[in-house]
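**Student:** In this note's numbering, each number is its position in the sequence shown, counted from 1, plus 23.
Warning: the hint list may mix true and false statements.
Stated by the list, open to error - Restraint ranges, calculated between C-beta atoms of paired labels, are given here:
id, residue 1, residue 2, range
1, Pro372, Leu425, 16 to 24 angstroms
2, Arg302, Lys254, 16 to 24 angstroms
3, Thr463, Gly367, 33 to 41 angstroms
4, Asn157, Pro298, 43 to 51 angstroms
5, Glu82, Pro460, 29 to 37 angstroms
6, Arg302, Pro322, 42 to 50 angstroms
7, Glu464, Lys153, 45 to 53 angstroms
8, Ala96, Lys254, 47 to 55 angstroms
9, Thr383, Thr463, 33 to 41 angstroms
10, Ala462, Glu199, 50 to 58 angstroms
11, Gly482, Arg524, 45 to 53 angstroms
12, Arg257, Pro326, 32 to 40 angstroms
13, Glu247, Asn388, 37 to 45 angstroms
14, Pro322, Thr127, 49 to 57 angstroms
Think of the hints as simulated: they come from the structure by calculation, not from any bench. Ideal Cβ positions, reconstructed from N, Cα and C, are used throughout, including at glycine.
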Amino acid sequence: MATPHEALHLRLQLVPLDALQALSVSAEDVDEQSALTAPVAVGAAPPNIVVTSCSPDPEGGVTAGDVGIRLAAEQRIDLRRRLRRAEATGKVGEIVEVELEDDTTETLLALGVGDDHPPDARKAGAALAKRIKNAEVVLCDVTAPMSHASLRAFCEGLLLASYQFSRKSKVSESKETVVQLAVAGLSSSQRVVDQAIITARAVCLARDLANRPSNEKNPQWLAEQAQAMAKQARLRVRVLDETALERGGFGGLLAVGGGSANPPRLVVTEYRGDPTAPRVVLVGKGITFDSGGLSLKPPDGMPTMKTDMSGAAAVLAVMSSLSDLGVTANVVGLLACAENMPSGQAYRPGDVVRHFGGRTSEVLNTDAEGRMVLADAIAYANARLRPDVIIDIATLTGAATLGLSRQLGALFTADDGLAKRLEVAGNESNDQLWRLPLATEYRSSLDSPIADIAHVSRGNVGGGAITAALFLKEFAGARRWAHLDIAGPARAEKDQAERLRGATGFGVRLLLRWLAASPDLW
């Protein structure tokens with residue numbers, strides 16, 4: 024599997040705005056350096072594509088960026104007139120191509136960037152990524168006037184829309200594309216672009232993990248991925264195998280994983296930040312394949328179930344990036360990993376399972392396996408890890424997808440302050456959440472005559488995403504807790520801006536934004 028950065032096929036470099044205006048600069052004029060992006064001398068790597076901005080003007084036409092106008096004028100091209108003839112509107116993501124008679128710079132692209140708002144910038148970056156595939160060097164002036172928030176969004180859109188994943192026997196070799204970005208202030212812009220690169224790498228790691236076919240991954244493999252990244256990401260990793268899970272009383276994980284030849288795992292990853300900072304536990308559902316167990320899914324429901332571990336993939340991707348982003352919080356990531364398969368050893372409808380800590384649940388549908396493994400992990404976090412906040416993330420219910428479709432994740436929490444900060448982080452990152460109620464009126468539908476709780480609703484109350492959240496809430500104790508049901512946005516059926524078909528890595532940007540914010544705001 025390619026590393027996430029290799030999968031992007033893009034390398035970002037920064038160009039000082041004054042150098043771009045002169046269209047040449049000597050290397051000795053550049054003295055700022057970064058581990059991820061380095062300022063580049065324009066003359067050192069001549070671009071074969073130049074990208075300039077295109078936006079509506081007050082008179083109803085469109086206007087282009089100075090560099091584009093100047094470059095076109097050198098070849099006796101009236102760029103404004105050419106854009107009018109192409110009926111350009113300057114809308115976000117629109118691209119008008121102008122061929123140039125030049126040995127080096129062959130193409131000028133006028134890119135609609137909209138207003139200086141991050142959503143517009145993100146969409147414009149994604150549109151550009153799809154147009155410059157296999158280009159060698161691209162010089163881009165549209166970033167020069169952007170705010171830092173828009174610059175970060177543009178870079179994230181650019182990088183995430185360039186993602187690729189394939190298992191074809193013959194894969195076309197993609198050249199690395201160098202994208203030179205014009206910026207007004209090198210030092211501050213480098214920090215912003217570095218954040219975008221770190222975030223994009225994390226999202227693409229989550230996509231790689233979830234897109235990987237299930238014949239190549241299982242709970243042990245996922246544990247090995249965590250162990251492999253431990254040193255580089257400054258993580259401590261502990262893996263509880265089936266023996267340790269049996270000893271510890273993790274009945275939910277053992278029940279769900281009992282039908283598979285690949286036994287379950289609980290992966291504990293720990294990042295140590297500032298000793299005085301809050302403690303956060305992230306819990307991810309890691310079902311590496313979900314057949315439904317004995318409550319077998321219909322055939323059409325199975326092909327996408329390789330991505331049913333998207334919650335665990337998001338948590339592991341977040342953990343991999345905390346050190347690079349300088350997060351001060353102390354974070355533990357729990358990956359509750361199992362494969363839900365039918366066999367003579369599989370758990371059954373009607374079983375009563377004893378979870379970590381002793382609480383029992385009555386099983387009514389083995390295809391509601393995600394909440395079983397999450398219950399163990401949440402109870403463990405509550406009892407053993409002393410967290411200030413617990414957040415679980417899971418592709419949990421089809422009901423959430425029916426209610427919110429594939430753009431929004433469902434948010435459940437009783438904590439208004441936590442809800443607000445997660446919603447803000449989601450809006451900033453484009454991993455948007457919609458808060459749904461923890462309706463206590465529905466709790467009685469989870470009553471069981473033989474166990475502490477039924478793991479799915481007995482009554483015909485509907486609200487399947489809500490009753491699932493109410494079940495999980497029982498295991499969080501009095502901790503501040505939020506549940507993110509990402510069954511819809513974790514997978515995309517078609518490309519849309521920076522979200523590409525397949526696993527989307529939803530939740531990674533959201534959680535990284537939230538964790539990077541001041542803990543006082545949590």
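**Student:** Within 43 to 51 angstroms: is that where the Cβ-Cβ distance between Asn157 and Pro298 falls?
**Tutor:** holds, 49 angstroms
**Student:** Using the C-beta atoms of Pro322 and Thr127, is the stated range 49 to 57 angstroms upheld?
**Tutor:** holds, 54 angstroms
**Student:** Range first: 50 to 58 angstroms. Now tell me if the beta carbons of Ala462 and Glu199 are that far apart.
**Tutor:** The hinted range 50 to 58 angstroms holds for Ala462 and Glu199, with Cβ atoms some 51 angstroms apart.
**Student:** Taking 45 to 53 angstroms as the stated bounds, is the beta-carbon spacing between Glu464 and Lys153 within them?
**Tutor:** Because 47 angstroms falls inside the window, the suggested range holds.
**Student:** Starting from the hint 16 to 24 angstroms, judge whether the C-beta atoms of Arg302 and Lys254 obey it.
**Tutor:** At roughly 22 angstroms between Cβ atoms, Lys254 and Arg302 fall inside 16 to 24 angstroms, so the hint holds.
**Student:** Lying within 33 to 41 angstroms: is that true of the beta-carbon distance Thr383 to Thr463?
**Tutor:** Violated, since Thr383 and Thr463 (Cβ atoms, about 21 angstroms apart) do not stay within the stated range.
**Student:** Looking only at beta-carbon atoms, does the pair Ala96, Lys254 fall within the given range of 47 to 55 angstroms?
**Tutor:** With a Cβ separation near 54 angstroms, Ala96 and Lys254 satisfy 47 to 55 angstroms, so the hint holds.
**Student:** Within 37 to 45 angstroms or not, the Cβ separation of Glu247 and Asn388?
**Tutor:** Violated, at about 31 angstroms.
**Student:** Note whether the CB distance of Glu82 and Pro460 lies within 29 to 37 angstroms or breaks it.
**Tutor:** violated, 50 angstroms
**Student:** Is it true that the C-beta distance of Arg257 to Pro326 lies inside 32 to 40 angstroms, as the hint says?
**Tutor:** holds, 37 angstroms
**Student:** State, for the Cβ atoms of Gly482 and Arg524, whether the hinted interval 45 to 53 angstroms holds or is violated.
**Tutor:** Taking Cβ atoms as reference, Gly482 and Arg524 lie about 38 angstroms apart, which means the hint is violated.
**Student:** With 16 to 24 angstroms as the target window, see if Pro372 and Leu425 comply at their CB atoms.
**Tutor:** holds, 23 angstroms
Hint violations for this structure: numbers 5, 9, 11, 13, all remaining hints satisfied.
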